[in-house]
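Protein chains in written order, with our numbering: chain A, 1 to 507; chain B, 1 to 330.
Check before you lean on any hint, since a few could be wrong.
Facing chain A, a subset of chain B residues (Cβ under 8 Å, in silico) [claimed, not checked]: (1) Arg127; (2) Pro129; (3) Ala151; (4) Lys152; (5) Ile178; (6) Phe182; (7) Leu194; (8) Tyr200; (9) Ser204; (10) Ala212; (11) Thr274.
Here are the simulated lysine-lysine pairs, DSSO-like style, with alpha carbons at most 27 Å apart [what the hints assert, rightly or not]: (12) Lys279/A <-> Lys217/B; (13) Lys397/A <-> Lys207/B; (14) Lys218/B <-> Lys379/A; (15) Lys159/B <-> Lys384/A; (16) Lys192/A <-> Lys13/A; (17) Lys316/A <-> Lys217/B; (18) Lys191/B <-> Lys385/A; (19) Lys191/B <-> Lys277/A; (20) Lys207/B <-> Lys317/A; (21) Lys316/A <-> Lys218/B.
Keep in mind that the hints were calculated from the coordinates and are not lab data. Yeah, the Cβ is synthetic: ideal placement off N, Cα and C, and Gly gets one too.
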Amino acid sequence: MKGGIISMKNATKVLEIKNLTKRFPGVLAVDNVNFDLFKGEIHGLVGENGAGKSTFVKMLDGSYRPDEGKIILNGQEIKLNSPQEAAQKGIGMVYQELMLLPHLSVAENICLSMLTLKNVKIINWDNIYKISSNFLKKLGVKYDIKERINKLSIAKQQIVSIARALASNCKVLILDEPTSALSQGDIENLFKVIKKLKTQGVSIIFISHKLSEVLEIADRVTILRDSQKVGTVYIRDLTEDKIVELIIGRSIMEKYPRTRNIPAGEELLKLKNLSLKDKLFNISFSLKKGEILGIVGALGAGKSELAMTLFGACGKKVSGEIYLGNKKVSIQSPEGAIHKRIALVSEDRRSAGLILNQGIRFNISLPILRNINRMGFVKIGIEKKTVQEYIKKLKIKCTSMEQIVENLSGGNQQKVVLAKWLAANAKIIIMDEPTRGIDVGGKVEIYKLINELAQRGIGIILLSSEVPEIYGMSNRIIVLYQGKIVKEVAYDQSNELEIQRLVLSGR
Amino acid sequence: MIKQLIKKNKFDFLKQLINSEYTIVAILLLLIIIASPIVPKFLTLQNFSNILTRTTVSAMAAIGMTFVIISGGIDLSIGGMVILSAYIGVETLVQNLGINIYLAALIMLGLGAIMGMLNGISVVVLRMPPFIATLAMMNITRGLAHFIYQAKTVFNLPKSWSIFGSGKLIGLPVPIIIFLIFFIIAYLILKYTLFGRSIYAAGSNAKAAWLAGVNVKKIVFLAYVISGITAGATAVILTSRLFSVVGSLGSGLELDVISAVVIGGTSLLGGEGTILGSLIGSLIIESVGNILVLARISPFFTLVAKGLVLWLAVLIDMARKGYVFKKSEE
Numbered sequence: 001m002k003g004g005i006i007s008m009k010n011a012t013k014v015l016e017i018k019n020l021t022k023r024f025p026g027v028l029a030v031d032n033v034n035f036d037l038f039k040g041e042i043h044g045l046v047g048e049n050g051a052g053k054s055t056f057v058k059m060l061d062g063s064y065r066p067d068e069g070k071i072i073l074n075g076q077e078i079k080l081n082s083p084q085e086a087a088q089k090g091i092g093m094v095y096q097e098l099m100l101l102p103h104l105s106v107a108e109n110i111c112l113s114m115l116t117l118k119n120v121k122i123i124n125w126d127n128i129y130k131i132s133s134n135f136l137k138k139l140g141v142k143y144d145i146k147e148r149i150n151k152l153s154i155a156k157q158q159i160v161s162i163a164r165a166l167a168s169n170c171k172v173l174i175l176d177e178p179t180s181a182l183s184q185g186d187i188e189n190l191f192k193v194i195k196k197l198k199t200q201g202v203s204i205i206f207i208s209h210k211l212s213e214v215l216e217i218a219d220r221v222t223i224l225r226d227s228q229k230v231g232t233v234y235i236r237d238l239t240e241d242k243i244v245e246l247i248i249g250r251s252i253m254e255k256y257p258r259t260r261n262i263p264a265g266e267e268l269l270k271l272k273n274l275s276l277k278d279k280l281f282n283i284s285f286s287l288k289k290g291e292i293l294g295i296v297g298a299l300g301a302g303k304s305e306l307a308m309t310l311f312g313a314c315g316k317k318v319s320g321e322i323y324l325g326n327k328k329v330s331i332q333s334p335e336g337a338i339h340k341r342i343a344l345v346s347e348d349r350r351s352a353g354l355i356l357n358q359g360i361r362f363n364i365s366l367p368i369l370r371n372i373n374r375m376g377f378v379k380i381g382i383e384k385k386t387v388q389e390y391i392k393k394l395k396i397k398c399t400s401m402e403q404i405v406e407n408l409s410g411g412n413q414q415k416v417v418l419a420k421w422l423a424a425n426a427k428i429i430i431m432d433e434p435t436r437g438i439d440v441g442g443k444v445e446i447y448k449l450i451n452e453l454a455q456r457g458i459g460i461i462l463l464s465s466e467v468p469e470i471y472g473m474s475n476r477i478i479v480l481y482q483g484k485i486v487k488e489v490a491y492d493q494s495n496e497l498e499i500q501r502l503v504l505s506g507r
Numbered sequence: 001m002i003k004q005l006i007k008k009n010k011f012d013f014l015k016q017l018i019n020s021e022y023t024i025v026a027i028l029l030l031l032i033i034i035a036s037p038i039v040p041k042f043l044t045l046q047n048f049s050n051i052l053t054r055t056t057v058s059a060m061a062a063i064g065m066t067f068v069i070i071s072g073g074i075d076l077s078i079g080g081m082v083i084l085s086a087y088i089g090v091e092t093l094v095q096n097l098g099i100n101i102y103l104a105a106l107i108m109l110g111l112g113a114i115m116g117m118l119n120g121i122s123v124v125v126l127r128m129p130p131f132i133a134t135l136a137m138m139n140i141t142r143g144l145a146h147f148i149y150q151a152k153t154v155f156n157l158p159k160s161w162s163i164f165g166s167g168k169l170i171g172l173p174v175p176i177i178i179f180l181i182f183f184i185i186a187y188l189i190l191k192y193t194l195f196g197r198s199i200y201a202a203g204s205n206a207k208a209a210w211l212a213g214v215n216v217k218k219i220v221f222l223a224y225v226i227s228g229i230t231a232g233a234t235a236v237i238l239t240s241r242l243f244s245v246v247g248s249l250g251s252g253l254e255l256d257v258i259s260a261v262v263i264g265g266t267s268l269l270g271g272e273g274t275i276l277g278s279l280i281g282s283l284i285i286e287s288v289g290n291i292l293v294l295a296r297i298s299p300f301f302t303l304v305a306k307g308l309v310l311w312l313a314v315l316i317d318m319a320r321k322g323y324v325f326k327k328s329e330e
């Protein structure tokens, strides 16, 4: 897409933002930001978690009212009081969480704004179906519009969300992390749709953590750091490292601080023909002490299922053999897995990894309480000492060990998850997408931590859909495709491109 | 870095008070302070002792309810469990089976535990929504009690049975002593034990708790059993104090108890709440009833007042957590 940059001199400015500022009690969330957007432009918006991206775009779609500054749309200053108002004026937003109504049909979701208008007394279903299929056609896709939304894949739901934004005739489309839950193939489809919209004159603000995607699709990119704008730059003047530097305000020598001394350690784990009904087929591999085994696969390839199966979370549909050391074991429940010193850093840390409304101490000590109690009473002294130790070791930034984990940054939350398993003395840690949704600076810290753990002799199974991450971190790489292993290779016997191809096509 | 704009203002103290967990204690004190000069005979030792004794009934049932609600469920069958265990337990005494009062009390607790187990099985093993499972149990238990005993009033209880509801031991009313024993055990369990932690974890996020090695099914099951046991204990105190069993025994109790627990700051979404809060919540509800009686306001108004107290308490709690009256337009 680098060649497709529009000439900004002749282009019309659709949106101009001047000195936009937003304060929350005790926090300056967006500080004096200027921004402009041309007709038919794809404009990347990047920055670390907490840099102010979300607050910024929420002022553009009317969710927040700015404290200072102007929003100028097509040369006219506008004041937005609600997302509905923004939609009427032509600014639409697709949130990361999509916000579709799961039990309604595709058509109803697309035409939702028309269904809720005050003057609509009787719904003309023919019209609704016609309009919604038209919008899908505009995006170059064809779905069954009468299908219930929750029957569709996340990728398709994403497209429907975009169609819904278009249905209210939007000229400025804001996409918040649209690719975070998509597989590589789906991302390409999404990009096709975005490019199609671009040719139709829609301007797009594209928020993403994945810089390679921003580089691929955007014309310009605006970088936010600590609530302020660092700059707006043409993509052709940028490299990924340069963006990273702008985002975190310092240069990092290597994104993946690889250590990679091939371990000579003993075998910790061996799988023989592990299968999960309809999901995994004859998975066999082994894991050595101190090794980082990378397992890469697209969304739906069976990554998370493999992680859950190893952790005993898939119940009775599992067949095959698991050996720990030389002993054949059966892992029936997470409780049993933890007892065998296996840990899982799950894909979705907010819903499966942490008890969000509880403190750091509560979360870290939960799996080890069975070892530190007398007749069921928790030995609080030992508990606090242990928790303090791991907060220090992992450099968890917090006000106290009682701080509620919901209020921690993504990176620090993930550290709490890791601390929990280190405290539980895990010797095998399964990590499913451990850096998802974590900003660049936080990612590097997590990578360093993973290396440290491996050096201490812990066996790590790193599962990810991001090839560079797997390629950059692992000693050995396994490619998973449709529930089967299609390749197992040492990192230095392969290259990123080959792995990427295998992930996408299985061949 | 995020810029902190910390401002001191004169409302800070008030804000802190409202934000603190002790709001509920403040409400109770406020109620007492306002009522004392206005309502005759309110501020007397006799009356306070009366309120405390009456409170033991709902507060006892509230102990089990607190466990269930923190674990993420609800128990609507409390009133039903109370009347069924009351009828059967009292029957063993009346029939001259040679069963002494302590054994009869234990039978009531045991019956409560069994009914709690059935609730637990419905919710945990059969995966029924707790609201429906315990609603069914509420009807089945009360229905059985009425069906078997034809809703008869039983009063020929042995004299000794009155000890649990009206007796005194070392100068203290026995029901208060029984309640305190249950209360302290429950308080310690929730605050200091592995089981207590597991209940909060299971109620906050069952999946995450399970993946952290918590046996969520067992924990939730036990919560319902505890609710059954405290319902049995409620039956003991109630039948002893009334010295009879009537067909309407414990009817509507579950709603008073849920109100008390919620007023006490326990979240109906689970994962949050304290046993002390539930006690204070029960005290507030009983005090309101007591004040209305002493002030000679129509008894038909009691329900309105209880409803208003619940409404107000929830509103304050929501404000405390920032769901309402928020300044930003989020």
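Going through the hints against the structure:
Proximity of Arg127/B to chain A is violated relative to the hint, the smallest CB-CB distance being about 14 Å (cut-off 8 Å). Checking Pro129/B against chain A by beta carbon gives a least distance of about 17 Å; that is not within 8 Å, so the hint is violated. With 8 Å as the threshold, the beta carbon of Ala151/B stays out of range of chain A, its nearest partner Cβ sitting at about 42 Å, so the hint is violated. Taking 8 Å as the C-beta cut-off, the interface hint given for Lys152/B is violated, the closest approach to chain A being about 43 Å.
This hint is violated: Ile178/B has a C-beta 23 Å from the nearest C-beta of chain A, more than the 8 Å allowed. Interface hint status for Phe182/B: violated, as the beta-carbon distance to the closest one in chain A is roughly 17 Å, over 8 Å. Checking Leu194/B against chain A: minimum C-beta separation of about 5 Å stays under 8 Å; hint holds. Of the supplied interface hints, the one on Tyr200/B holds, with its beta-carbon coming within about 7 Å of a beta-carbon of chain A, less than 8 Å.
The beta carbon of Ser204/B is positioned within 8 Å of a beta carbon in chain A (closest approach about 5 Å), and the interface hint is therefore held. The interface hint given for Ala212/B holds, since its Cβ lies 5 Å from the closest Cβ of chain A, which is under the 8 Å cut-off. At a threshold of 8 Å, the smallest CB-CB gap from Thr274/B to chain A is about 14 Å, leaving the interface hint violated. For the hint linking Lys279/A to Lys217/B, the alpha-carbon distance of about 26 Å falls within 27 Å, and the restraint holds.
For the suggested pair Lys397/A and Lys207/B, the alpha carbons sit about 26 Å apart, so the restraint of at most 27 Å is met. A distance of roughly 22 Å separates the Cα atoms of Lys218/B and Lys379/A; the hinted pair therefore holds under the 27 Å criterion. Between Lys159/B and Lys384/A, the direct Cα distance comes to roughly 53 Å. Violation of the 27 Å bound is thereby established for this hinted pair. With a C-alpha separation of about 24 Å, the suggested pair Lys192/A and Lys13/A falls inside the 27 Å cut-off, and the hint holds.
Between Lys316/A and Lys217/B, the direct Cα distance comes to roughly 17 Å. Compliance with the 27 Å bound is thereby established for this hinted pair. At most 27 Å may separate the alpha-carbon atoms for a hinted pair to count; Lys191/B and Lys385/A meet this at roughly 19 Å. Between Lys191/B and Lys277/A the alpha-carbon distance is near 42 Å, which puts this suggested pair outside the 27 Å criterion. For the given pair, Lys207/B sits about 19 Å from Lys317/A by alpha-carbon distance, which is consistent with the 27 Å threshold.
A distance of roughly 19 Å separates the Cα atoms of Lys316/A and Lys218/B; the hinted pair therefore holds under the 27 Å criterion.
Hint violations for this structure: numbers 1, 2, 3, 4, 5, 6, 11, 15 and 19, all remaining hints satisfied.
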